[in-house]
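Each chain, letter by letter, is given below.
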Amino acid sequence: MTYLILSPKRLVQAAMIASSLAVAAPVLADDASTLTVAQRRDPQNLDPIDTFRLSWGSIASNVFEGLVFRGEDLELKPGLATGWEFLDNDTRIRFSLRNGVQFHNGEPFNAAAVKYTFDRLLGDEGAKGPQRSNYTSIVGVEVVDDLTVDFLMESPDPVLITKLAGYGAMIVPPKYIEEVGEEAFDMKPVGTGPFVVAEYTPTVGVKLEKSDTYWDGEAKIDAVDIRFIAEDATRMAELMSGGVDIALDIPTPSVETIKQNAKVDLVAVDGPTVILTRFNTANGITSDERVRRAISMAVDTKTIIEALLGGLASPISSAQGAKSFGNDPALAPYPYDPEAAKALLKEAGIAPGTELTLDMPNNDETFREVGQVIAAFLEQVGLKANIRTHERSVYFNDIISNGKTGEMFYFGWGGWTFDFDNTAYLLYHTGERNNPYIDDAKLNELLQKERSTYDTEVRRAALQDVAAHAHKQVLDLPLYNEATLYGVSKTVNGFVPAPDKRARYLNVTLD
Amino acid sequence: MSDVNSSKSPNLLTRFFYSRYASFEFIAGVVLTASLALLVLLSGVLFPEGGTKVDLLARLTGPFLSWEHPLGTDPLGRDILERIVHGGRISLVVGLLSALGSVVVGTVIGLFAGYYRGFLDSFVMRFADIQLALPFILLAITVIAIVGPGVDRIIVLMIVSQWVQYARLVRGSVLSLREREFVQAARSYGLPNRKIIFRHILPNAMGPLIILLTLNVANNILLESSLTFLGLGADPQTPSWGGMLSEGRSYIQTAWWITVFPGIAIMLTVLGLNLLGDWLRDELDPLGQTR
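Here the protein sequences come in this chain order: A and B. Read in my numbering, the first sequence has 297 at position 297, and its numbers run on one by one without any break. Read in my numbering, the second sequence has 31 at position 31, and its numbers run on one by one without any break.
I should point out that these hints are in silico values taken from the structure, not numbers from a laboratory. It is possible that part of the hints are untrue.
[As the list claims (entries may be wrong)] Each computed DSBU-like pair below joins lysine-lysine, with the alpha-carbon atoms no more than 30 angstroms apart:
| hint | chain 1 | residue 1 | chain 2 | residue 2 |
| --- | --- | --- | --- | --- |
| 1 | A | Lys302 | B | Lys195 |
| 2 | B | Lys53 | A | Lys259 |
| 3 | A | Lys77 | A | Lys115 |
| 4 | A | Lys188 | A | Lys115 |
| 5 | A | Lys207 | A | Lys128 |
| 6 | A | Lys346 | B | Lys53 |
| 7 | A | Lys490 | A | Lys449 |
| 8 | B | Lys53 | A | Lys342 |
| 9 | A | Lys77 | A | Lys346 |
| 10 | A | Lys210 | A | Lys302 |
| 11 | A | Lys384 | B | Lys53 |
| 12 | A | Lys384 | A | Lys346 |
| 13 | A | Lys210 | A | Lys490 |
| 14 | A | Lys490 | A | Lys128 |
| 15 | A | Lys115 | A | Lys175 |
[Unchecked claim] Here are some, though not all, of the chain B residues that point toward chain A, as calculated from beta-carbon distances under 8 angstroms:
| hint | residue |
| --- | --- |
| 16 | Thr14 |
| 17 | Arg15 |
| 18 | Arg20 |
| 19 | Gly50 |
| 20 | Leu56 |
| 21 | Pro63 |
| 22 | Pro75 |
| 23 | Val147 |
| 24 | Gly148 |
| 25 | Pro149 |
| 26 | Val151 |
| 27 | Ser250 |
| 28 | Tyr251 |
| 29 | Thr254 |
[Stated by the list, open to error] Derived CB-CB ranges, DEER-like:
| hint | chain 1 | residue 1 | chain 2 | residue 2 | range |
| --- | --- | --- | --- | --- | --- |
| 30 | B | Tyr116 | A | Thr203 | 44 to 52 angstroms |
| 31 | B | Val30 | A | Thr234 | 38 to 46 angstroms |
| 32 | B | Leu120 | A | Lys384 | 42 to 50 angstroms |
Every value quoted in this text rests on a predicted model; they were computed, and no experiment measured them. For every residue, glycine included, the Cβ atom is placed at its ideal position computed from N, Cα and C.
Please work from the sequences and hints to get the whole structure.
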């Protein structure tokens, strides 16, 4: 699904201004330009191996680089590696590294840095963070020469090349880390990217400065000031008043306001985040598959998308969007059919007026509305849904992971790889943190199968089977795939919206 | 009320005009509070659906456009007027119950502490000092993070933190009252302490208590709104004024009516109660002796 909100006229203007700026640049040189960005959350740690948050991605994609690069078009391209080939029956992947690249502190990028990065990720230091488990298919990295490395694979990892383009696989400088120590690196990391971390103040923001040694051109602005503004309304107020140039994480209720503001553009692309309500399949009335199916048929997700979300989302039939690898376009969501739902509930022996609980975090303005609409739909078929809100960290660390939810609970997840593997594993594999209730041998087997081959077709089939199996058993109620929304001031040019929320500011200019 | 009882008065209007009730504070206060109370009492009859009926086709309808939604609708197409009237229930229930609860707890503790003095007195009053030093919002956030949000918890929390004001006020009055002649006299007749406290001291300490009570109700209505605004009070489905403000704030530039009308409702209610409180203070304590 494509969203056309930015007018074509403005794109032309952007191009014109960008080209004229080359001439104007020397005049502006002494006038330091700072781009101000607001995002909802603080990643709390800037070290690539210590985090899995999208809020990290929108900062660190400007600071770090991986061997592989994936930009806004989601195509995999050479990054710090200029190319790679599969050897020895796919058990060895050889990467040729880019020559002449430097870390921000002047340290050279070379095979030793790559080896250090992955030794660290797969070793004790990596074991402390959440990223290591994504890369355990790698046995180790061998240095062939200064600009060539071999990755030895324990088992085939079909998503590896994608995963080398982000998060835990970002290349880090060995000498710098040895010198300053792990804790200092969390706060002031050094990478090879177009921006240098100047200052990180937890809960307040990150200040980035242009790197003078970047190998792939130079950033057009001198500095980026990223502020963490957790409160949606405050972040929007800053955007509207011109306090920030770009705001990430736009809540749906603010869409209309941004559209009406003459100084700010709303930019939308298909995002990685899917929103579902999951079922408590272990206890309560939702342990009955018929009840789960009835609930799925009672909620009209199309109306939610069209009327409530202003069309800025697309319908889904499993916990992935249309761009995700493993999505089966032929799998249709359960149709909206309240009469059939009532019949199913009756068959399951659920009396009209039966109550159930829908749990959600208390600071999600969009879902606060969606949840109430779901409750209204359920009321139509005779179920009374009570919404229970929780403080966000309590919700994810206790209510979900310890299985304390009611019959239904909110879950939102964005697998930045756009590969169903990540989301499916976390939702359905037995014993995962976010999966308190489901223990299904068939799902475990399918997930194992999909993880152990490079054969794209076998994987696609297995992942589609996972989706189909979850759909058949109605393990959750997939609601919609959120569009990634950015609010961008009209003074900003050259900002390309990243679907995966890994916003990059390399080519941004300011009027 | 001897002036009202005089049989020779010319007519009701004149009598009213010269009575103590002919003040702006009293009339405005009574009109505002009474109409609110009436609306809340009749909310179930006026709007049996309880302001929870979702109609996405009618979402964000502006105010004053139709009789169906005189004050417009919210993002889910629910009627604002209906929700304000029903939201008044939460506000009033929380305001009244929490104030009454604190007044009962606080008065009893204050009476006994002030009358018996000694260890009980110093213990309770030092405890009160600690209690007063705790910011309420902090206490609320902590407790609610542990036990989960809910209106009942808010009421209990308010009582726990507000009884102190009453206890201190009552204790202060009791300290002076217990030395007065009529109390000495009652004691010399051999009346039991409990009777002296409740028959002779309490009625004389009532004036400032009632004033504080009206102001406290108003204050707690505001507090409940703030807590719900922060997501700590009523659940999202129950209409409440604070919740409406919170839900409407993202729309304030495009749909002002979602926040403005509940805001006006809060303002009028609090204003009415404050005016009544002011009037009561002038009546019961004209010289400001207890301040």
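Comparing the hints with the structure gives:
1. Lys302(A) x Lys195(B): violated, 70 angstroms
2. Lys53(B) x Lys259(A): holds, 28 angstroms
3. Lys77(A) x Lys115(A): Distance ~21 angstroms between Lys77(A) and Lys115(A) Cα, so the pair holds.
4. Lys188(A) x Lys115(A): holds, 21 angstroms
5. Lys207(A) x Lys128(A): holds, 26 angstroms
6. Lys346(A) x Lys53(B): Holds: Lys346(A) and Lys53(B) sit about 24 angstroms apart, inside 30 angstroms.
7. Lys490(A) x Lys449(A): violated, 49 angstroms
8. Lys53(B) x Lys342(A): holds, 19 angstroms
9. Lys77(A) x Lys346(A): violated, 55 angstroms
10. Lys210(A) x Lys302(A): violated, 45 angstroms
11. Lys384(A) x Lys53(B): Holds, at roughly 13 angstroms.
12. Lys384(A) x Lys346(A): OK: Lys384(A) and Lys346(A) at ~15 angstroms, within 30 angstroms.
13. Lys210(A) x Lys490(A): Roughly 22 angstroms between the alpha carbons, so the hint for Lys210(A) and Lys490(A) holds.
14. Lys490(A) x Lys128(A): violated, 43 angstroms
15. Lys115(A) x Lys175(A): holds, 13 angstroms
16. Thr14: violated, 54 angstroms
17. Arg15: Cβ of Arg15(B) sits 53 angstroms from chain A, so the hint is violated.
18. Arg20: Not OK, violated: Arg20(B) not within 8 angstroms of chain A, min 46 angstroms.
19. Gly50: violated, 11 angstroms
20. Leu56: holds, 4 angstroms
21. Pro63: violated, 17 angstroms
22. Pro75: holds, 6 angstroms
23. Val147: violated, 11 angstroms
24. Gly148: At 7 angstroms from the nearest chain A Cβ, Gly148(B) passes the 8 angstroms test, so the hint holds.
25. Pro149: holds, 6 angstroms
26. Val151: violated, 13 angstroms
27. Ser250: holds, 4 angstroms
28. Tyr251: holds, 6 angstroms
29. Thr254: holds, 5 angstroms
30. Tyr116(B) x Thr203(A): 44 to 52 angstroms: Holds: the Cβ-Cβ distance is about 50 angstroms, inside 44 to 52 angstroms.
31. Val30(B) x Thr234(A): 38 to 46 angstroms: holds, 40 angstroms
32. Leu120(B) x Lys384(A): 42 to 50 angstroms: holds, 48 angstroms
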